[in-house]
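Asks: Chain by chain, the residues:
Number of protein chains: 2
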Amino acid sequence: MFDPVEKLKEYVRHASVSADPQFKAHMAGAQQFLADLLKGIGFAVELVPTALHPVLVAKRGDNPAWPHVIIYGHYDVQPPDPLDQWKTPPFEATIKGERIYGRGTADNKGPLLVHITAVARLLEKNPNLPLRLTFVVEGEEEIGSKNFKAFLKENKEKLRGDFIYMSDNGILSPDQMIITVGLRGMLAFEIELTGPGSDLHSGMHGGVLMNPLQALAELCASLHTPDGRVNLPGFYDAVIEPQPWEREQLAKVGLKEKEYATFLGIKEFHTPPGYTPFEAIRFLPTLEFNGFSGGYQGEGTKTVIPRTARVKITCRLVPNQTPANMKEAIFNSIRARCPKGVTLTIKEQHGATPYVVIPPDRSNTPKDQSPALAKCFRAVDKAATEVFGKPPIYLREGGSVGLLADLKEVLGLDAVMMGLFLPEDNLHAPNESFHLGVMKRGIETSERVLAALAKG
Amino acid sequence: MFDPVEKLKEYVRHASVSADPQFKAHMAGAQQFLADLLKGIGFAVELVPTALHPVLVAKRGDNPAWPHVIIYGHYDVQPPDPLDQWKTPPFEATIKGERIYGRGTADNKGPLLVHITAVARLLEKNPNLPLRLTFVVEGEEEIGSKNFKAFLKENKEKLRGDFIYMSDNGILSPDQMIITVGLRGMLAFEIELTGPGSDLHSGMHGGVLMNPLQALAELCASLHTPDGRVNLPGFYDAVIEPQPWEREQLAKVGLKEKEYATFLGIKEFHTPPGYTPFEAIRFLPTLEFNGFSGGYQGEGTKTVIPRTARVKITCRLVPNQTPANMKEAIFNSIRARCPKGVTLTIKEQHGATPYVVIPPDRSNTPKDQSPALAKCFRAVDKAATEVFGKPPIYLREGGSVGLLADLKEVLGLDAVMMGLFLPEDNLHAPNESFHLGVMKRGIETSERVLAALAKG
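In the order they appear, the protein sequences are chains X and L.
20 is the number of the first residue of the first sequence in my numbering; add one for each residue after it.
20 is the number of the first residue of the second sequence in my numbering; add one for each residue after it.
Just so you know, the hints here were simulated from the structure itself, not pulled from any lab data.
Keep in mind that a hint or two might mislead.
The list cannot tell twin chains apart, which means a pair is met if one copy fits it or any two copies do.
Here are the simulated DSSO-like cross-link-like pairs (lysine-lysine), alpha carbons at most 30 angstroms apart as the crow flies [said to hold, decoys possible]:
id, residue 1, residue 2
1, Lys275, Lys26
2, Lys359, Lys115
3, Lys275, Lys359
4, Lys78, Lys359
5, Lys43, Lys58
6, Lys168, Lys277
7, Lys359, Lys286
8, Lys401, Lys366
9, Lys115, Lys168
10, Lys401, Lys168
11, Lys58, Lys106
12, Lys286, Lys346
13, Lys106, Lys346
14, Lys115, Lys409
15, Lys175, Lys286
16, Lys286, Lys366
17, Lys401, Lys346
18, Lys106, Lys366
19, Lys165, Lys474
20, Lys172, Lys106
21, Lys175, Lys115
22, Lys172, Lys58
23, Lys277, Lys359
24, Lys106, Lys394
Note that the structure is a prediction, hence the values are computed from the model and not measured.
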């Protein structure tokens with residue numbers, strides 16, 4: 020039996036950044052690592068090509084009478100920038116105290132290894148485990164799973180399982196499991212403003228034309244109200260109030276605003292009125308700026324009026340909002356606000372539809388639910404209660420895993436999402452880490468869940 | 020006698036970017052090139068160290084009865100970014116049609132070579148030319164001549180000349196000389212806004228805190244009024260209306276707004292009310308954004324809320340405004356507008372005091388003027404009229420050469436500035452070039468001027 024922590028160190032070394040073509044060799048390294056690991060515990064592994072990064076599909080068990088669990092994960096990671104803020108090398112996983120640091124440790128290399136380890140332990144005890152298992156591990160989650168839907172459509176036959184089982188979601192304390200029952204969607208785009216025909220000397224020509232940077236500031240400043248709402252017509256029209264049981268579950272977590280502010284390193288929140296920060300993250304859409312660029316950014320001064328200025332934006336969407344039904348209104352409002360003197364172009368990037376699943380005991384229409392799905396929810400509830408010592412909490416999350424809507428649409432399958440990463444894990448940021456205690460408890464929980472499912 | 024165009028090619032090859040320490044070896048190369056060239060025509064050359072890049076001082080003629088002309092130039096150039104917009108390599112000067120392309124061809128390598136060539140020709144004809152000449156060529160003009168004032172103070176004795184003679188200024192057509200009689204000053208600074216304790220995932224934490232990029236947009240958007248004025252209290256208080264002769268001279272140039280807009284590649288001007296674009300550039304202060312940075316700027320998407328956002332700003336100042344008397348009011352207004360939820364720091368960069376000199380026939384107080392200076396102005400007027408075929412025009416310019424105020428303050432000397440670069444020369448931008456016809460006429464004009472001065 021392998022040591023999961025040592026395996027995680029090995030896995031992190033493959034700097035599988037999907038956003039940047041420079042990391043292509045590392046993407047291949049991560050694929051090979053997983054293929055070898057899964058072959059080693061008896062899986063038949065296939066790398067299915069897509070338009071960009073291949074999807075790894077690994078299968079064991081072929082008795083059609085056995086339950087069939089599809090386990091989802093992704094092998095790609097976020098870019099490591101800004102590099103100078105890392106305290107340990109991002110691609111050399113380093114243990115300090117209860118945590119292992121490195122890009123991808125929490126998102127999603129550690130959590131995927133939790134399930135692989137659970138499976139390996141079960142198969143070591145019982146090589147004839149009566150359970151069909153299919154790992155589907157993609158390489159484009161961090162860039163919006165652009166080719167995953169096409170992959171699902173083309174490989175539908177291979178993926179006729181009972182439900183999806185996965186961990187690409189979070190918890191709030193290392194001592195309590197959270198089952199994610201919803202994720203926000205996303206609309207990502209870039210705005211480019213172009214002014215003069217070329218970069219200009221700001222002394223010779225300054226003060227007579229609209230500087231694209233100024234236009235960018237004016238446009239971006241118009242997109243929020245002073246009270247923290249997004250200032251676009253109709254932006255909140257489709258938002259539905261959370262259900263009473265959702266607010267109850269959230270209250271059970273016992274989150275403290277002061278502690279959250281301390282964790283974020285801020286003195287005050289800037290949350291739309293009527294929502295706590297914890298509610299706003301889960302139940303409201305957003306418009307966030309992810310990057311500004313334009314002009315000189317190097318050392319010293321350059322007296323230039325740049326020809327172009329750019330902003331990268333992501334909107335998070337909530338149920339009833341989709342990239343398709345939101346984007347035209349958003350783009351048209353932005354176009355209508357383009358300051359005079361510059362030309363605006365919008366480059367649409369990836370989108371994700373929000374996702375919601377209602378766990379069995381919360382559903383008003385139990386007959387609509389798949390018995391296999393309900394069984395898995397109950398197995399996770401039981402195992403997590405035993406291993407973590409208290410019952411899990413069912414929460415929607417602020418992040419986006421757009422492929423959930425695709426899995427539902429193409430395969431007709433819902434997902435049971437067992438949270439494993441913590442807010443302190445610094446996902447998508449410098450010094451990402453994974454909690455070793457959570458990793459251990461995650462493996463134990465997953466082992467019990469899969470054992471319970473195998474009993475039939 | 021050397022070929023000035025071949026010499027310019029050689030000079031451009033030394034990529035003497037003063038802003039970036041990576042180019043240090045090229046800075047030394049440019050110094051050596053000039054030292055060799057000037058030694059070759061009989062000058063005693065000295066490299067005077069400063070806190071950063073040395074100043075080259077080259078002298079010939081030691082008869083105290085002879086007039087003493089101090090010729091100023093700079094051997095440093097702007098960074099070549101954005102490199103992908105250059106049509107020819109920035110540091111391999113390339114002739115196409117009437118122009119020679121390359122970083123520094125116009126600012127200031129070509130214009131300095133004009134005067135060196137004129138001197139070389141005169142000395143070839145008359146090695147005993149009764150004229151003292153001192154070249155002072157610095158290496159920090161593009162980064163604000165930070166150490167030049169200290170250099171002047173420490174080397175005052177070497178620089179006891181009659182006036183400054185130089186070409187680091189522009190003309191508006193290749194057929195007419197412009198004598199620059201004023202330059203705007205500058206106040207350069209960078210604002211950094213810091214929000215959360217580290218970069219955050221915009222899905223997990225978006226919508227609850229002030230994003231530093233949003234704060235930057237709001238702050239920057241507040242700095243101009245919709246009609247194109249700078250929106251800071253007192254910003255225009257010290258501005259004096261241009262003199263009637265200045266407006267007359269400007270009118271003589273026959274500038275056309277439509278042509279200027281076409282040259283800039285814009286559809287409309289964005290000029291404060293009451294001023295034409297040509298007046299605004301010369302007679303009004305500005306606040307221009309030179310660069311935004313913050314968040315992810317690479318390929319694809321990164322769903323991040325960055326910890327910090329930055330803007331580089333330069334204000335151009337007009338007579339009566341100085342960095343010292345403007346900065347506190349500007350900085351305090353900006354500090355007072357810092358959005359809640361972020362912390363603001365201002366990093367002051369270089370400053371420059373505006374400069375004005377009144378040419379002899381425009382002065383109301385002719386007795387105050389130095390006879391040597393008046394003589395030089397008249398020599399330039401005559402030579403330029405002969406060589407270019409029409410009388411020169413006397414104009415203030417929009418750019419900044421802060422050392423002029425330093426030369427005046429430390430050495431007590433005013434400057435005669437013979438314009439040589441054109442708006443189409445793309446100074447500080449990709450595809451900088453220098454007009455070969457202007458170069459030729461510049462050499463002829465300078466030769467006549469120096470010959471006239473030598474006659475005494």
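Asks: Take the hints in turn and mark each one as holding or not.
Replies: Each hint tested on the structure:
Taking the closest pair of Cα atoms, Lys275 and Lys26 never come within 30 angstroms of each other, the shortest separation being 36 angstroms inside a single copy and 71 angstroms across copies. Taking the closest pair of Cα atoms, Lys359 and Lys115 never come within 30 angstroms of each other, the shortest separation being 54 angstroms inside a single copy and 35 angstroms across copies. Only between protomers do Lys275 and Lys359 lie at most 30 angstroms apart by alpha-carbon distance; the minimum there is 21 angstroms, versus 45 angstroms within a single protomer. Taking the closest pair of Cα atoms, Lys78 and Lys359 never come within 30 angstroms of each other, the shortest separation being 58 angstroms inside a single copy and 53 angstroms across copies.
In the homo-oligomer, the alpha carbons of Lys43 and Lys58 lie at most 30 angstroms apart inside one protomer (23 angstroms), although the nearest pairing across protomers, at 55 angstroms, exceeds that limit. For a Cα distance limit of 30 angstroms, the shortest separation of Lys168 from Lys277 qualifies neither inside one copy, at 41 angstroms, nor across copies, at 52 angstroms. Taking the shortest alpha-carbon separations for Lys359 and Lys286, only the inter-copy value of 9 angstroms comes in at or below 30 angstroms, while the best intra-copy value is 37 angstroms. In this assembly of identical chains, Lys401 and Lys366 lie within 30 angstroms of each other by CA distance neither inside one copy nor across copies; the values are 46 angstroms within and 57 angstroms between.
For the homomeric pair Lys115 and Lys168, neither the shortest alpha-carbon distance inside one copy (39 angstroms) nor that between copies (52 angstroms) is at most 30 angstroms. When the C-alpha separation of Lys401 and Lys168 is checked against a cutoff of 30 angstroms, the pair qualifies neither within a copy, at 33 angstroms, nor between copies, at 77 angstroms. For the identical chains of this complex, Lys58 and Lys106 are neighbours neither inside a copy (35 angstroms) nor across copies (53 angstroms), given an alpha-carbon limit of 30 angstroms. For the identical chains of this complex, Lys286 and Lys346 are inter-copy neighbours only, at 29 angstroms across copies versus 33 angstroms inside a copy, given an alpha-carbon limit of 30 angstroms.
Taking the shortest Cα distances, Lys106 and Lys346 never come within 30 angstroms of each other, neither inside one copy (39 angstroms) nor across copies (37 angstroms). For the homomeric pair Lys115 and Lys409, the shortest alpha-carbon distance inside one copy (27 angstroms) is at most 30 angstroms, but the shortest distance between copies (78 angstroms) is not. Taking identical chains as interchangeable, the C-alpha atoms of Lys175 and Lys286 are never at most 30 angstroms apart, the minima being 49 angstroms within one chain and 54 angstroms between chains. When the C-alpha separation of Lys286 and Lys366 is checked against a cutoff of 30 angstroms, the pair qualifies only between copies, where the shortest distance is 23 angstroms, while the shortest distance within a copy is 35 angstroms.
Within a single copy, Lys401 and Lys346 get their C-alpha atoms no closer than 41 angstroms, and across copies no closer than 66 angstroms, so neither meets the 30 angstroms cut-off. Taking the shortest alpha-carbon separations for Lys106 and Lys366, only the inter-copy value of 26 angstroms comes in at or below 30 angstroms, while the best intra-copy value is 35 angstroms. Taking identical chains as interchangeable, the C-alpha atoms of Lys165 and Lys474 are never at most 30 angstroms apart, the minima being 37 angstroms within one chain and 78 angstroms between chains. Taking identical chains as interchangeable, the C-alpha atoms of Lys172 and Lys106 are never at most 30 angstroms apart, the minima being 42 angstroms within one chain and 46 angstroms between chains.
Proximity of Lys175 and Lys115 under a CA criterion of 30 angstroms is satisfied in neither setting, with 43 angstroms inside one chain copy and 61 angstroms between copies. Taking CA atoms no more than 30 angstroms apart as the test, Lys172 paired with Lys58 passes inside one copy only; the shortest distance there is 25 angstroms, against 77 angstroms between copies. Proximity of Lys277 to Lys359 under the C-alpha cut-off of 30 angstroms is restricted to the inter-copy arrangement: shortest distance 17 angstroms between copies versus 43 angstroms within a copy. In this assembly of identical chains, Lys106 and Lys394 lie within 30 angstroms of each other by CA distance neither inside one copy nor across copies; the values are 43 angstroms within and 66 angstroms between.
Violated hints for the displayed structure, listed by number in ascending order: 1, 2, 4, 6, 8, 9, 10, 11, 13, 15, 17, 19, 20, 21 and 24.
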